[in-house]
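Trainee: This is what each chain is made of:
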Amino acid sequence: MSPAGSTQGHGSQGDHGSQGQSGEDRGGPADLSGLVGLSATEVAAGVRSGELSAVEVLEQHLERIQRWEPAVHAFNLVMAEAARKRAEAIDDLVARGEDPGPLAGVPVGLKDLICTRGVPTTCSSRILAGWKPPYDATVVTRLGPAGAVVTGKTNMDEFAMGSSTEHSATGPTHNPHDLGKVPGGSSGGSAAAVAAGFCTLALGSDTGGSVRQPAALCGVVGVKPTYGLVSRYGLVAFASSLDQIGPFARSVADAALALDVIAGHDPADSTSLPGQHPSAASRLGRGAEGLRVGVIAELANAQGVAGDVAKALERAAQALSAAGAKVDEISVPSVTYGLSAYYMIAPAEASSNLARYDGVRYGLRVPGRDITEMYMATRSAGFGPEVKRRVMLGTYALSAGYYEAFYGKAQKVRTLIIRDFEDAYRSFDVLLAPTAPTTAFPLGAKVADPLTMYLNDVCTIPSNLAGHPAVSVPFGKGDDGLPIGAQVLAPALGEPVMFQVAEVLEEAAKRGAE
Amino acid sequence: MTLQGWEVVVGLEVHCELRTRTKLFCGCPNSFGDEPNTNVCPVCLGLPGSLPVLNGEAVAHAVRIGAALNCRQQPSLFHRKNYFYPDMPKDYQISQYDVPVNVGGWLELPSGKRVGIVRAHLEEDTGKTTHVGGGGRIHEAGYSLVDYNRAGVPLVEIVSEPDIRGPEEAKEYVEELRGILVATGASDGKMEEGSLRVDCNVSVRPAGPGPLGTRCEVKNLNSLRSLGRAISYEAERQVQLLEAGAEVEQETRHWDESAGRTFSMRSKEEAFDYRYFPEPDLVALDPPAQWVAQIKAELGVLPAQRRQKVADAAGLSVSSEAVSTVVRLGLDPYVEAAAAAGADAGLAVRRLANEVAGLLDGGPNRLGAAEFASLVLMEQNGELTSAQARSVLKVLVSEGGRPEDVAARLGFEAMGEGALQEVVDQVVAANPREWERYAAGDEKLAGFFIGKVKAATSGNADLRAVSELLRLRRSGKAAAGS
Amino acid sequence: MGTGAPTTMTSVAERISKDQVAHVAHLARLALSDDELELYTGQLASVLAHAADIEALDIAGVPPTAHPFPLTNVMREDEPQPCLERDEVLAMAPEAEAGQFRIPRILSEAP
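Residue numbers (the numbering used here), protein chains in the order written: chain L, 1 to 514; chain P, 1 to 482; chain H, 1 to 111.
The set of hints was computed from the structure by calculation and includes no laboratory data. Quantities reported herein were computed from a predicted structural model and do not represent experimental measurements. Hints should not be assumed to be uniformly reliable.
No farther apart than 25 Å at their CA atoms in a straight line, the calculated lysine to aspartate or glutamate pairs in the DMTMM-like style are these [what the hints assert, rightly or not]:
(1) P:LYS190 <-> H:GLU109
(2) H:LYS18 <-> L:GLU373
(3) L:LYS85 <-> H:GLU88
(4) P:LYS128 <-> H:ASP34
(5) L:LYS132 <-> H:GLU85
(6) P:LYS190 <-> P:ASP256
(7) P:LYS296 <-> P:GLU123
(8) L:LYS132 <-> H:GLU38
(9) L:LYS132 <-> H:GLU88
(10) P:LYS113 <-> P:GLU7
Sample of chain H residues facing chain P (criterion: CB under 10 Å; computed from the structure) [claimed, not checked]:
(11) LEU37
(12) LEU71
(13) ASP78
(14) ARG102
For glycine and all other residues, C-beta sits at the position ideal for the given N, C-alpha and C.
Assemble the whole structure, with the sequences as input and the hints as a guide.
Mentor: Dropping the structure here:
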């Protein structure tokens, strides 16, 4: 599967890690320096203390966007003016002696299916082209008081259905490490924006891997939280029992910080977990000594996992071992069936969630002589082929006579996966697996065969089915020099130990252990 | 309606709008008659990214209804019922499917017959479409307009077993159910306003035990009268088909009130595939036992209990129809007041059922409970004749006031003892020879004197009292100034 | 589609036909060209065939999971909340008239 003999994107050399390099902003879109290379923690600290101006931070990011966005196409919309106003307001707050919050002045990108009041939220679909929600998603209402500066709406696979951001009505996003390659999907725009230094943080959504997989392909950190930890109110729904909003960042600490800002019970979301939970960052800095790490055999050795990815995972396991963890292989047998179960459950829920796009109340309308004609003309023109495929697959899985064989059975597989994970977590604190089976593949390479594309999700899907958290951390490079991600999985509400282990991998990677 | 040798089997599905302040899944007002699309929000409009949150009061009402119908409460789920229609913002309806909150109850008709209740579950209502152009009928319309104010209003759907036999029993069922729903506080029971909607399932079979026939669902029944007419029509239609050797097709039919018949709505091939699956945006509903117990304890008095109370007070002197009428019209407080004042409850019931019920039709009711009790007593004590009492009652209902005043105004003065005695004395004095014969024992002359007293009092004298006074005078002799 | 519905997934994947795909497309209110019908039939069949591996699992006694975590009784108070302004609502509408959403005529009754 690994693209043989592919070259890297121009100028993209060396460590694209969390700290920016000093010096000029030369090189490719993934070479970060100056303010655009700072971590969110650094930006916020600088802005809060008055050392950094939020406006200055933003301007550097906007310049970078201006330079590289035409090649990368991470955004559906850059909100320059609104962001400037926001940055000014933050600087004003600081000047008045007030604290703007833990993300003060941090430029943040939002996947274009997170509702932003008065700002187009298109899901990269023709059917919602130009649609302006009259309300903000809950996560957006939490970013504001934290001082974040929303910089733009990022590109994605249409309605979050895809693993490459090629199924976008606005055109594909390009991987900043190699512009001829995909960034992954469906949150490819958010991953690319962070990797390219357009934003310090970004939010995406993860239903079957749509945050973690692009994070791996773009060499950044990407998190899927415990299901219910982050509110879905205002997240345009794809598969309701699987969707979660998760952050992209260039460091584990930043990702934990971002998660802490957006997480927490929301009365507007009935599936939101009640009560308070420990901060995701609460176990950072503790190292891996004494922790039990299980390498998921079925995923580490899954068909389709490329040699370089498998080797990187081995080195990740070794790095944790060297850091004092007890590392062993573990079998989680049902994960093998996760892909099949997912491709019944997710399209089924999606087929229902997307029924509302019918041309009646908002969005695209293609006229018809009667309502049914109008429905059909609108939806046929408004949805791209991948969306249509999944809607039909899902409709089929739920239809009379087939429910038990498809959807019903898939829900039972889900139970098995949950049980197998529960068993595994009796003996282990966290689990380890690859994130994506290969490094970034070329644009156009997998679009023609949906099934080939779906196989990209084999390592990430089980966590969505179980509702468990998982994070992808950059660890190593492929034979083609492109980023590889290692995935740390934890039980429900296990974010603290998950980040704890992820940080150890991050440090090892920085030391060159990958 | 008689269909010789055939039995008409009916099951009813009643949708009841709940009297909550807000909608089922959002905080928009549950209100009627407001400007279109002013009671809407992202949730009830089904905007992308919106999520439902269940209204606790709607759940309480659902439990009240279930309890009043003797149902068992169970842990339940919400499901999505998927179909495309413009009055549905999400193009699916959130409802309950195979695990509803209430199952397995029954309702007792005034006649004493029990009708089984299969289930009573929660679901959200749709918006309203108006068809423009043509005759306002759906097939002729040029286009349509949609108002989502009512989208998301909470409903409880109550499904009966096919235990009902015929149109009259069906109407009785709906009347009784409406009384129960109003008694629980869950509904205002206004069928004409659409807060109570009835669909019926009708089948026929040869009289006697055996399998049920193929049923047809009939929709668009806007009144009890339509319900009765539709069942009659549909039963006849099916019997005619079967007697001609044809089969009844299972289908949904539409009742056309002006045409007086049902029309087929959908052919068999278009049977809807709703693709039910559990609603992923909502969690399971498992009302805590303590909460359910409290709701049941506070349930209040249901129509059957009220009927029992009235029947107990009135005893055997009243028919069950009269009792039913009194309770159905909410007149039982008058019976209570009468009984409390020591009046004859049976008389009270008869006056209410026979007089007041008719007077209430469309008009106001200004009859006070204490005043009614007084009136019954007055009639009971002979101060007013029955005819007089009915006249006074008519005035009290339409204008209010006290029975004594109205009686006086109408010239029905109840004559005091003294005044009556005076008249008797005058009449006796004016007719000495007749008095001698009466006093000597000639009973026939009692009528003569009563007639004279009646004439002298313009009919206002209580004739029994007059008889009594005459007898007393005769026997006392010394009482009058003879 | 109801009569003789197969109960195993492998047999379905073998049998999924253009007619079935056309039916499903109509249920989902999608109009497909002949070419699209051809293409999607092949693609859906291959996805379903892959998903048939679930058949190997012994699942009879396993309960289905609808939600990852068994929360219950999430409810809210019956308190009115602010609504949207009608102008905002109708501004999104493809067509509006007299304060309502205007749509082409409906040919059938609601189910």
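Trainee: Does H:GLU85 sit within 25 Å of L:LYS132, going by the straight-line distance between their CA atoms?
Mentor: holds (14 Å)
Trainee: Is it true that the CA of P:LYS190 sits at most 25 Å from the CA of P:ASP256?
Mentor: holds (21 Å)
Trainee: At a threshold of 10 Å, is the proposed contact between H:ASP78 and chain P supported by beta-carbon distances?
Mentor: holds (4 Å)
Trainee: Hinted pair, alpha-carbon criterion (25 Å max): H:LYS18, L:GLU373. Please report holds or violated.
Mentor: Answer holds: H:LYS18 to L:GLU373 is near 21 Å, not above 25 Å.
Trainee: Check whether the Cα positions of L:LYS132 and H:GLU38 lie no farther apart than 25 Å.
Mentor: Violated, because 36 Å separates the two Cα atoms, which is more than 25 Å.
Trainee: Regarding the hint that H:ARG102 lies at the interface with chain P, is the smallest CB-CB distance below 10 Å?
Mentor: Given a least distance of 6 Å, the restraint on H:ARG102 holds.
Trainee: Against the 25 Å threshold, does the CA-CA distance of P:LYS128 and H:ASP34 hold or violate the hint?
Mentor: This hinted pair is violated, its Cα atoms lying about 37 Å apart.
Trainee: Holds or violated: is the Cβ of H:LEU37 closer than 10 Å to a Cβ in chain P?
Mentor: Cβ of H:LEU37 sits 20 Å from chain P, so the hint is violated.
Trainee: With the threshold set at 25 Å, check whether the alpha-carbon distance from L:LYS132 to H:GLU88 stays at or below it.
Mentor: Answer holds: L:LYS132 to H:GLU88 is near 10 Å, not above 25 Å.
Trainee: Need the status of pair P:LYS296, P:GLU123: alpha-carbon distance at most 25 Å?
Mentor: holds (22 Å)
Trainee: Are H:LEU71 and chain P close enough, Cβ to Cβ, to be under 10 Å, as the hint says?
Mentor: holds (4 Å)
Trainee: Sort out whether H:GLU88 lies within 25 Å of L:LYS85, counting only the CA atoms.
Mentor: holds (24 Å)
In summary, the structure is inconsistent with hints 4, 8, 11 from the numbered list given earlier, while agreeing with the others.
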